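Number of protein chains: 2
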Amino acid sequence: MDTSGPVPPTRRLSTGEREQAIDRSAPVLPPALEIDENNYFENNAPPEYLDELARQCEEFVKMHGTGRIVLVTSGGTTVPLENQTVRFIDNFSAGTRGATSAEYFLENGYAVIFLHRQFSLLPYSRHYSHSTNCFLDFMEENDGQVVVSQQYQQQMRTVLRKYRAAKDRNQLLLLPFTTINQYLHTLRTVSVILQSAGPRALFYLAAAVSDFFIPPSRIPEHKIQSKAGGNKLIMDLDPVPKFLNRLVERWAPGAMIISFKLETDSEILISKARQALERYSHQLVIGNLLQTRKNEIVFVEPEVPETWIRLSDEQIKDGTEIESLIIPATIERHTAWIEQSK
Amino acid sequence: MDTSGPVPPTRRLSTGEREQAIDRSAPVLPPALEIDENNYFENNAPPEYLDELARQCEEFVKMHGTGRIVLVTSGGTTVPLENQTVRFIDNFSAGTRGATSAEYFLENGYAVIFLHRQFSLLPYSRHYSHSTNCFLDFMEENDGQVVVSQQYQQQMRTVLRKYRAAKDRNQLLLLPFTTINQYLHTLRTVSVILQSAGPRALFYLAAAVSDFFIPPSRIPEHKIQSKAGGNKLIMDLDPVPKFLNRLVERWAPGAMIISFKLETDSEILISKARQALERYSHQLVIGNLLQTRKNEIVFVEPEVPETWIRLSDEQIKDGTEIESLIIPATIERHTAWIEQSK
Numbered sequence: 005m006d007t008s009g010p011v012p013p014t015r016r017l018s019t020g021e022r023e024q025a026i027d028r029s030a031p032v033l034p035p036a037l038e039i040d041e042n043n044y045f046e047n048n049a050p051p052e053y054l055d056e057l058a059r060q061c062e063e064f065v066k067m068h069g070t071g072r073i074v075l076v077t078s079g080g081t082t083v084p085l086e087n088q089t090v091r092f093i094d095n096f097s098a099g100t101r102g103a104t105s106a107e108y109f110l111e112n113g114y115a116v117i118f119l120h121r122q123f124s125l126l127p128y129s130r131h132y133s134h135s136t137n138c139f140l141d142f143m144e145e146n147d148g149q150v151v152v153s154q155q156y157q158q159q160m161r162t163v164l165r166k167y168r169a170a171k172d173r174n175q176l177l178l179l180p181f182t183t184i185n186q187y188l189h190t191l192r193t194v195s196v197i198l199q200s201a202g203p204r205a206l207f208y209l210a211a212a213v214s215d216f217f218i219p220p221s222r223i224p225e226h227k228i229q230s231k232a233g234g235n236k237l238i239m240d241l242d243p244v245p246k247f248l249n250r251l252v253e254r255w256a257p258g259a260m261i262i263s264f265k266l267e268t269d270s271e272i273l274i275s276k277a278r279q280a281l282e283r284y285s286h287q288l289v290i291g292n293l294l295q296t297r298k299n300e301i302v303f304v305e306p307e308v309p310e311t312w313i314r315l316s317d318e319q320i321k322d323g324t325e326i327e328s329l330i331i332p333a334t335i336e337r338h339t340a341w342i343e344q345s346k
Numbered sequence: 005m006d007t008s009g010p011v012p013p014t015r016r017l018s019t020g021e022r023e024q025a026i027d028r029s030a031p032v033l034p035p036a037l038e039i040d041e042n043n044y045f046e047n048n049a050p051p052e053y054l055d056e057l058a059r060q061c062e063e064f065v066k067m068h069g070t071g072r073i074v075l076v077t078s079g080g081t082t083v084p085l086e087n088q089t090v091r092f093i094d095n096f097s098a099g100t101r102g103a104t105s106a107e108y109f110l111e112n113g114y115a116v117i118f119l120h121r122q123f124s125l126l127p128y129s130r131h132y133s134h135s136t137n138c139f140l141d142f143m144e145e146n147d148g149q150v151v152v153s154q155q156y157q158q159q160m161r162t163v164l165r166k167y168r169a170a171k172d173r174n175q176l177l178l179l180p181f182t183t184i185n186q187y188l189h190t191l192r193t194v195s196v197i198l199q200s201a202g203p204r205a206l207f208y209l210a211a212a213v214s215d216f217f218i219p220p221s222r223i224p225e226h227k228i229q230s231k232a233g234g235n236k237l238i239m240d241l242d243p244v245p246k247f248l249n250r251l252v253e254r255w256a257p258g259a260m261i262i263s264f265k266l267e268t269d270s271e272i273l274i275s276k277a278r279q280a281l282e283r284y285s286h287q288l289v290i291g292n293l294l295q296t297r298k299n300e301i302v303f304v305e306p307e308v309p310e311t312w313i314r315l316s317d318e319q320i321k322d323g324t325e326i327e328s329l330i331i332p333a334t335i336e337r338h339t340a341w342i343e344q345s346k
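Chains as they are written, first to last, in the numbering used here: chain S, 5 to 346; chain P, 5 to 346.
You may find that some hints are simply not true.
Because identical chains cannot be distinguished in the list, a pair is counted as satisfied if it fits within a single copy or across any two copies.
Calculated pairs, EDC-like style, for lysine to aspartate or glutamate (alpha carbon to alpha carbon, straight line, at most 16 Å) [what the hints assert, rightly or not]: (1) K276 / D147; (2) K171 / E144; (3) K166 / D141; (4) K66 / E307; (5) K166 / E145; (6) K171 / D141; (7) K171 / E111; (8) K321 / E300.
Since the hints were derived computationally from the structure, they do not count as laboratory data. Note that the structure is a prediction, hence the values are computed from the model and not measured.
Kindly produce the complete structure, drawing on both the sequences and the hints.
Have a look at this one:
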């Protein structure tokens, strides 16, 4: 797999991208960054199972020859603080956005590669797995048979049918990760495989990816002892190289790429989203605030004003999921991207 | 609730405990420790829901008037790195030890208070909730009814019956936590309520509790920006006060207390366990190594050699759970504790 070659010559640059290309040679993004990104994959070994995931992914992409494929990333990546990991830094994310979005993509005919944090929410099973109800509370014994209790039958039947339909059509590929390193290696591998889908590929990067990590050279082998460091723990973390640039330019040059920006401070949300767009020259940033993320999000795109998507009071009362509005709006833009790439 | 009163006069001290009492006035454990522990609860507000948990717990303890009650703690506590939490430090623990142990306590007639990390494994539902199978893979539609597929019927019926039996007898109380602060407040509250059970109360502290935290005065309000600190993240954490002492002496003076010691380095496991016993003067430390924790553990008790509990090769092949050996051995010691307390 070629992951470090030059920008493919077939790629047409927009005005914004050309400006960006100039920016990249300026001192704000020194050549050191390039080296850091290369070094990352040299110094952080791929997970052992990666070849197997690649095989599954290649088969899946081949199977969906001319259709649209979305890579949905979901859940938080972890940063191990010890080599034999007892402690790790985690990013707040149950995977709700990713799992819910995946369902709406499936219902709109997309093939979905779901790159998710292991044990985070999955499409369809999410309706039951992380409820405060114990799973067994949905069940009862009836004539010696374990069945779903009457009051849950109707909803579970609907969910089960959708799940089976996606499964029977081989529309959903589940790929797990836990650490930031597993995530980055898998993202790179899947992206390169998706090159064959060209603009039909959509990247919907909803995972909460760690910004900082401890490089393998500095990571302790054993559990950090609580007496260490005079009873204080000082942790010194390096920034995770920003790979979105690489993704846009080299790993998936023909695809449409959507990143997410989660903030807690509403004052900086739009500017951070615009910054990301300018820095990585991709097509769409979906911004959201931790506090209101289930009820409103904002589409930030190059050269146009931002578009808010909000649930109405009535929709909130009805339990409408905001992803049922986000995905059609996203698909509209993906359709335009495919048209424009012709 | 009295949580800071003097050591109750009814408590008889063993030789080891008397030595410990002397040690405590020595410079290795300065008076500052005592103040730190008091300060903790003054400076870290209780979770809002604590009164409701206390109410449920009081009712539960009253209901099990003369029977044995075990508090099982399970799963890892988190340490938020931001006030509106995006990032947190977590401790590796799915809650397998706690959830599995709770089942064997229930089957041995104990009432179980299960203080667990929210969404970690629960007794009984653990057999299905964190499997790599999607929950819906266990289900099928049969004449329009959602039922458990034939191949899973027998096992699920067994599990469901045990779960229902525990539920119908009100034998299991589920109390959740997420952060270290929620855990500590709830532990204190539950312990004081359990005082009325005297030696019938058993503490089985299997949760993976954080050793370090960021005090509220130093915690940033918003998400840490990845540009902060010259592109490096330096985190400065304080040790979590050691509350086991307080638990043994004041919160639950009559109860039998078991703590766990998880290490990755076999060289230090026993010495760390002995150290904990000496420091906190409780009754039993169950030691285990991250690598082998499902197949062997060690009981470390005051004044006697350690006792290893290991699964035989045959038991490993059969899928015997080591908790089916740990719990009877634990109950034996609890029985002796009750006898000795008369």
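Against the structure, the hints come out as follows:
1. When the C-alpha separation of K276 and D147 is checked against a cutoff of 16 Å, the pair qualifies neither within a copy, at 59 Å, nor between copies, at 53 Å.
2. Taking CA atoms no more than 16 Å apart as the test, K171 paired with E144 passes between copies only; the shortest distance there is 13 Å, against 26 Å inside one copy.
3. With identical chains, the CA atoms of K166 and D141 are at most 16 Å apart between copies only, with a shortest distance of 13 Å across copies and 22 Å within one.
4. Proximity of K66 and E307 under a CA criterion of 16 Å is satisfied in neither setting, with 35 Å inside one chain copy and 66 Å between copies.
5. Taking the shortest alpha-carbon separations for K166 and E145, only the inter-copy value of 12 Å comes in at or below 16 Å, while the best intra-copy value is 25 Å.
6. For the homomeric pair K171 and D141, the shortest alpha-carbon distance between copies (10 Å) is at most 16 Å, but the shortest distance inside one copy (26 Å) is not.
7. Within a single copy, K171 and E111 get their C-alpha atoms as close as 12 Å, which meets the 16 Å cut-off; across copies the closest is 39 Å, which misses it.
8. When the C-alpha separation of K321 and E300 is checked against a cutoff of 16 Å, the pair qualifies only within one copy, where the shortest distance is 14 Å, while the shortest distance between copies is 52 Å.
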